[in-house]
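Chains as they are written, first to last, in my numbering: chain A, 1 to 251; chain B, 1001 to 1198.
It is worth saying that the hints were derived from the structure and are not from the lab. Computed from a prediction, not measured in an experiment: that's the story for all the values here. Please note that a few of the clues may not be correct.
[Claimed, not checked] Coverage of chain A stretches by chain B, computed from C-beta distances (three or more under 8 Å per stretch; other residues unrestricted):
{"hint": "1", "segment": "63-71"}
{"hint": "2", "segment": "152-165"}
{"hint": "3", "segment": "191-198"}
{"hint": "4", "segment": "233-239"}
Glycine included, each C-beta is placed from N, C-alpha and C at the ideal position.
Listed below are the residues making up each chain.
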Amino acid sequence: MTTKRIIACLDVKDGRVVKGVNFLNLKDKGDPVELASRYEEEGADEIVFLDISATIEGRKTLLEAVKNTASVLSIPLTVGGGIRTLDDVSRLLANGADKVSINTAAVENKQLISIASREFGAQAIVVAIDAKRINDKWIVFTKSGTYNTGLDAVKWASEVERLGAGEILLTSIDRDGTRDGYDYELTKKVVDVVKIPVIASGGAGKMEHFYQVFSYSNADAALAAGIFHDGVIRIRELKKYLLQRGIEVRL
Amino acid sequence: MKALIINYGVGNLFSIYSGLRRIGFDVSISNEPKEGFDLIVLPGVGSFSAVASYLSKYYNQLNEFRKNGIAFLGVCLGMQVMFEYGTEGGPSRGLGWIKGKVDKIHVDVKLPHIGWDKLYLVKEGCELTEGLNNDYVYYVHSYIAYPGEDVTYMKSKYGIEYPALICKDNLIGTQFHPEKSGDVGKRFLENLARWLRR
């Protein structure tokens, strides 16, 4: 059976890697090309770039960073952030992204998912869902976690699958950057309703958290950023740990 | 050594381009087949029906190259279109160089199949398999080849076993993406370069 994937995520702003807590208080963490290659060497299965630049200039810088990174990387690279049109998708794929991750635009313009999926194949289209728990439900937020769409995250996951998404990148806004562990309940609920791979994101702080999100929630991949940048967890050590506990990973 | 990547007009060609360059290939990208290359690469982007129909325009030329012994590398969908027939995007004819068809993975597993799986050697005699047995490679696909002849040298398993590496004369095909398979992928591309130099 396919191994569980460990994905290193780089939040990129104006061409630099940054990291915040609950999507706020950004700190500089280094050069994207350097970090991406380091993670490949350490055994990461994939790299995700999330562009959080607010300006057009910043976005141009990202395209450059994608190209530079893709030319040294020999594992898959997903790029997300600010993708609005089919042209945006096309440009990123042409510059070395293997997949694109669409978030806000997917909610505002569902057609984009189906059209992009038909044009480039479902495998190239990841839909990112940022969810926040409100009472007993998880609600989809867009615009970097600032806008409440009112959509039920679990239902939305089903819908994006139907529209042609090839994968779901599921982030818990409540857990993002806290290192308190993934939102296992949310992840399990989404994994159980869709038949496409689900990447769990938000909250990884200890190796145990990865074990739990794979064993309890049955996520296909787990993504983390801060703990890798800060060296709290080394990917190779993490994979050895998981393997010892019976989770099949690539080593 | 010179490689030509055929650009069908969709998707990411940059990864395979970079992957081959890292091994030392002099790589070009073109919308149509051209003379003067040691290797023609059919990349793994797009859907069967669209790519098969695109390539059918150049069938005579491609077939001429094949008969003259030019090596072909088909990656993922690029391998699949070498078969006779495919169902993705509606039934359509492939290049027909290898007997058999391409169809969806018909077992109850998550699709697309995305991730790393092990390669298993199932047949000796193709030097491209060297040093790859039991190693992980990267897959992204929902369709697999069902060969009608004995061309499979390595397999992987996802619900069912399927061809991962096929060799037939000067045709090489991989269901996995060597350009995205880390060190193991590099090893395969090095094998390919060595095989071409012979």
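To test your reading of the hints: which numbers does this structure violate? 2 and 4
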